[in-house]
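**Student:** Starting from the known structure of chain A, arrange chain B on it as the hints suggest.
Quick note, the sequences are listed as chains A and B, same order.
One point on numbering: in our numbering, the residue at position 24 of the first sequence is 24, and numbering is uninterrupted.
In short: position in the second sequence from 1, add 115, done, that's our numbering.
Okay, the calculated bits of chain A under chain B, using three or more residues with CB under 8 Å as the criterion: (1) 7-16; (2) 74-80; (3) 87-94.
In silico negatives: residues of chain A with every beta carbon more than 10 Å from chain B: (4) G32; (5) A37; (6) D63.
Simulated from the structure, these hints should not be mistaken for laboratory data.
Remember, predicted model here, so these are calculated numbers, not experimental data.
Beta carbons are placed, not taken as given, at the ideal position from N, Cα and C, and that holds for glycine.
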Amino acid sequence: MSAPAVELLFWDGCPSHPRALAELRAELAAAGLDPQAVAVREVRTDADAERERFSGSPTIRVDGRDVVDPGGEPVLLTCRIYHRRDGRISPVPDPQDVRDALRRALADHPRTPPE
Amino acid sequence: MTLAIGSPAPAFSLPDTSGVLHAPGGAPATVVVFTCNHCPYALAWHERIADVARDYAAQGVAVLAINSNDADRYPRDSAAAMQERVARDPADWPMPYLHDATQDVARAYDAKTTPDVFVLDAAGTLAYRGAPDADSDDPGQNAAWLRAALDDVLAGRPVATPQTEPVGCSIKWKA
Chain A
1 MSAPAVELLF WDGCPSHPRA LAELRAELAA AGLDPQAVAV REVRTDADAE RERFSGSPTI
61 RVDGRDVVDP GGEPVLLTCR IYHRRDGRIS PVPDPQDVRD ALRRALADHP RTPPE
Chain B
116 MTLAIGSPAP AFSLPDTSGV LHAPGGAPAT VVVFTCNHCP YALAWHERIA DVARDYAAQG
176 VAVLAINSND ADRYPRDSAA AMQERVARDP ADWPMPYLHD ATQDVARAYD AKTTPDVFVL
236 DAAGTLAYRG APDADSDDPG QNAAWLRAAL DDVLAGRPVA TPQTEPVGCS IKWKA
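Chain A on its own, in the form it takes in the complex:
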């Protein structure tokens, strides 16, 4: 079995990434995945942001796919605006959105049953 590739991109001008990483690791553990298997990358410059198509901190991708579609948000060194499922504005994604992204990815990475 191959595990999904999980990335967390952050910009240091925004204080939300430690919480985002902790919540992401909790969701990975709950899904039976290695909570330490997160590629954490800092986006420091506008050039980094352009290269990474980074529309705000934190950005979490599973198999290259953003856990929340950034829509038309511009590439920018900024804090990203998320909406919780109850409508509240938040600096981090709703855990359910992370859970759903991991579930989709796991469906693409079927576990091999033991022989």
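**Tutor:** Just chain B now, with coordinates in the frame of chain A:
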């Protein structure tokens, strides 16, 4: 340099989204809050700060919201975007939204984040600086730290907790 609790707060005069100038002073307490349009922390706390403006208006408290961000790099913080935001729902803005285009006021207050909250007493002395409350994600916090500071100032008491850590997006300084 960080503005010390108990020191005189810097004077300023800034235009709101209609061009009317506002300055701190003349109120039993004044809240100066650095905020903006593009930051999730500022947006999440906005309603709680607006509630404070409404709830303390009868006691004469003035609330001045200031946007100091570099609007060239962050167009959502332009003067036009500020006007649009206030015009979109005036009832949601029970306080003037001031534009600090030169960033001089943010520098004078040593503002760090959006939001960054300062409470001045009737004499213009800094009585509280920090976050509105403990958690931007929890509306139930109801800007408790800010309200407690205002209650102390209005009662003529020293503020029990005069300083907390401001939390939010960094102020976007011009290059």
